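> Residue strings, one per chain:
2 protein chains.
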Amino acid sequence: MASIKPSVPKGTRDFSPAEMAKRNFIFDTIKSVFRKYGYQQIETPSMENLSTLTGKYGDEGDKLMFKILESGEYLNKVDIRKTVSTLIQDVYNNSLDLKETQSLLFLERLEALQNTTILSEQDQDTIRSFRNIVAHNLSWGDLNLNSNKLTPQISEKALRYDLTVPFARYVVQHQNEITFPFKRFQVQPVWRADRPQKGRYREFFQCDADVVGSDSLLNEAEFILIYDEALSALGLKDFTIKINNRKILSGIAELIDKADNIIDLTVAIDKLDKIGFDGVVKELLERGFTEADIDKIKPVILLRGTNDEKLASLRKALSTSVIGLKGCEEIETVFNYLQSCKLQTATCELDITLARGLNYYTGAIFEVKTNEVAMGSIGGGGRYDDLTGMFGLKDLTGAGISFGADRIYDVMEELSLFPAATNQSTKVLICCFDKDGEQYALPLLQQLRAENINSELYPAGVKIKKQMDYANNKQIPYVILIGSDEMQSGLLSFKNMASGEQEKLTAAQIISKLL
Amino acid sequence: MASIKPSVPKGTRDFSPAEMAKRNFIFDTIKSVFRKYGYQQIETPSMENLSTLTGKYGDEGDKLMFKILESGEYLNKVDIRKTVSTLIQDVYNNSLDLKETQSLLFLERLEALQNTTILSEQDQDTIRSFRNIVAHNLSWGDLNLNSNKLTPQISEKALRYDLTVPFARYVVQHQNEITFPFKRFQVQPVWRADRPQKGRYREFFQCDADVVGSDSLLNEAEFILIYDEALSALGLKDFTIKINNRKILSGIAELIDKADNIIDLTVAIDKLDKIGFDGVVKELLERGFTEADIDKIKPVILLRGTNDEKLASLRKALSTSVIGLKGCEEIETVFNYLQSCKLQTATCELDITLARGLNYYTGAIFEVKTNEVAMGSIGGGGRYDDLTGMFGLKDLTGAGISFGADRIYDVMEELSLFPAATNQSTKVLICCFDKDGEQYALPLLQQLRAENINSELYPAGVKIKKQMDYANNKQIPYVILIGSDEMQSGLLSFKNMASGEQEKLTAAQIISKLL
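In the order they appear, the protein sequences are chains A and B. The first sequence begins at -4 in my numbering and counts up one residue at a time. The second sequence begins at -4 in my numbering and counts up one residue at a time.
Because the hints were derived from the structure by calculation, they are not lab data. Since the structure is predicted, the reported quantities are computational estimates derived from the model, not experimental observations. Worth double-checking, as some hints may not be accurate.
The list treats identical chains as interchangeable, and a pair is accepted whether it falls inside one copy or across any two copies.
To be verified - Here are the simulated lysine-lysine pairs, DSSO-like style, with alpha carbons at most 27 Å apart:
| hint | residue 1 | residue 2 |
| --- | --- | --- |
| 1 | K337 | K305 |
| 2 | K144 | K72 |
| 3 | K58 | K144 |
| 4 | K253 | K321 |
| 5 | K293 | K305 |
| 6 | K266 | K291 |
| 7 | K5 | K72 |
| 8 | K458 | K389 |
| 9 | K430 | K277 |
| 10 | K337 | K422 |
| 11 | K72 | K58 |
| 12 | K458 | K0 |
Next comes chain A alone, as it looks inside the complex:
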């Protein structure tokens, strides 16, 4: 039977053993750092009720959610409001576009009737309309039904779109069991019906840590430490954790009364290095800022120097903005915490052009970038003051960060940062020439495993060459060969697959070599 080669849905991936080993290395490293900082793991269901998800990610999000079709005779619940009678009324009102007539016996009778001169003109019109209806091919539009209207009637659930909304739902639902501050981490897949492209998948893992119920800026400082520790442990050698504060951006907007244009402003300022001050001014004027605006925010545009110097300049520039100064104070507090805690690798940089998540972040904003390869951000987060408000639990502040696992994977691959042993699952393979060898090998196999040495016995009946290929392909570093000589002497051939070196050793010697 010829059959089509099976495949996975667009935008999804299989992970082979080699890829899994690398992914596990990333996830295990990040998880162990989360745990070290007191974050506890939770998991939420892959599906959430549409009522939980809808409206939380904007129209685009609602569209890109993967909805689950109800099971059973779901059409029974769907109402097709538009009846044929209304359709006919529409035809009568000439509001429908009619297709070619069809030749039915029935139509001929109508035709005849229509031409009956004994009918009044009005009656003939009525008949004519009917004739059109008969000829009409029904469409979904005629039934007043489109996919947007149908979906909520045939779907009640969707796949998780991110980990944040399910976490908010979790906190509200379990608020009486939770001890606050609640520090949780979550590593689970999310699904988005985005157009797949390089590095963007329809199923991908998010890797989040959030704390809710604590407004202490110690949490922000610890997030920076977590980034530093986890990414250092993964082997990254040069990366920057950018920090900004929403309140500083609000302060700047307050100065010039342009809260809606804050993104335009930061995008222009971000180009200072490339296009110089005059270039930035030109761009700001083009984007609708006035000369007077630019005058007021000139110190912000020219912000330079160390974090401390930047903070000092900002304090001066924002001296008239209560909220702006509050932002400066928050950032300073975070930096003060960090002074007592040496960062291993990261550079921490105040960057007022960082303007992500302005719809929900209310305090700190984070973004992490590697300086070793060209790549978008590999992490981000911030503080939000109303995570759970959408589910009716007000005034619960929180902050969180996320690791971009797929991008971190690509960075590590490009820099060859995965330890060579990552993909070594089996440490030693026992190869036998025949059934006797297999029987002889079993107690040794048991001994190896009792010592927690991952080991395999290749089933007898296959040429040694093929067994060695198996070891090579599976990157098994050691092989034990058992032939008749070995069984007689008790000295087994022990081969290092990398060096090709081979020696005769007792079982006990082999085990102590492998431990």
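Once you have looked at the hints, place chain B on chain A.
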């Protein structure tokens, strides 16, 4: 704003930190045993193409699959074949059941027309039919559309229903990259739209290990060792691994030429202990077996004793059946392997009433039961000779087992087998009386974490009582208290939360206690 308390979809669950810790304990234990035996992890996408899944689980499975609604204007792809003209034709043929007429202006005109005596009776009929149409409320049935017909037009993907079919798809798709025998394990959720009930969920994890491309019975023996080692490591103290062989069942059926009644037979034989030989005979007669049948299989019904004794009796009973003897030989080979490998805890039992998966298993059949609590099987598996045939790759033999993680969880909970430390995520909490203490604590916190001790600093500004409650609720075993005395002397209060014992120690002393 009053809002409805959010919830998760029917049959799905949130896992709290305490539950996650226990689930991770189970999964990590099983995974590490899989790895020890040379099995490598893969993951496949949560969604598969409907073409991959449909027809693989019977009608029931097709119905219980969670289908994903296509995104965008999916109705555009749906054809509503039945046009109004055909509907009218149906009415004309009196084949449709019509609802109450509606009072439209339009209807009145029709009425008048219908009663016009100048029309022939035939013309009046025509008009009458139209009038019915006008009054007719369109339904899905009229459009010749039901959910079964619609689904394939608006859905192309479904959520994974098990791990076996995606694995088969994986093997066929990646056959050129795979080194056979391919030993893979997979621990991922699956989804079924089953009616939720105690212990049965719509989203649950499966935990499978399979080997394909090796017909050696060493694999079967190793599966028994894997069950033994993993369940022993989880703390189970009394469990039975039942083994049977499909070929033995085929042999028995061959004896009496009743292949279709093999389940009836095994169900009846299974009752021997309860209802005695006469009872079993009575039941077999009721189930359509003849006296002659029963005579032939009497030795099978009365199968008793050790595994060796049972095998000897079976060989005698099945002496005329080639396939039956082959089954006995296979089981014996597995037992021979096991003689060289001591089982830690499990009892291994030949049980010819074990008749699961008869549609796909072709050799060994496994089932695992705990003898400590009443519970269905906590594991099962077997050998199948044509896993990948459904995707066009023939003659690839395989065997696999599965652990029932949710049931194992319940067993362990009932027997209190989870180690007390499972839920200890943070080892020590630093509590401070004020901001000065917090600042003082930071370097210590860093030191603790540098030693890989999971530790937290409670943000300052909260009463010590509340901080201690936090430690208690989170089951943190140790607390370090930092007040002004402690900062002056450098001797910190170190409290054992379980015993209540408290002592004054230097930071270095505390760290060495915690290591």
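> For each hint, tell me whether it holds in the structure or not.
Evaluation of the provided hints:
no.: 1; hint: K337 <-> K305; in the structure: within (21 Å within a copy, 70 Å between copies)
no.: 2; hint: K144 <-> K72; in the structure: both (13 Å within a copy, 16 Å between copies)
no.: 3; hint: K58 <-> K144; in the structure: both (13 Å within a copy, 24 Å between copies)
no.: 4; hint: K253 <-> K321; in the structure: within (19 Å within a copy, 84 Å between copies)
no.: 5; hint: K293 <-> K305; in the structure: within (13 Å within a copy, 93 Å between copies)
no.: 6; hint: K266 <-> K291; in the structure: within (19 Å within a copy, 91 Å between copies)
no.: 7; hint: K5 <-> K72; in the structure: between (31 Å within a copy, 18 Å between copies)
no.: 8; hint: K458 <-> K389; in the structure: between (70 Å within a copy, 23 Å between copies)
no.: 9; hint: K430 <-> K277; in the structure: neither (83 Å within a copy, 47 Å between copies)
no.: 10; hint: K337 <-> K422; in the structure: between (38 Å within a copy, 22 Å between copies)
no.: 11; hint: K72 <-> K58; in the structure: both (22 Å within a copy, 17 Å between copies)
no.: 12; hint: K458 <-> K0; in the structure: neither (31 Å within a copy, 65 Å between copies)
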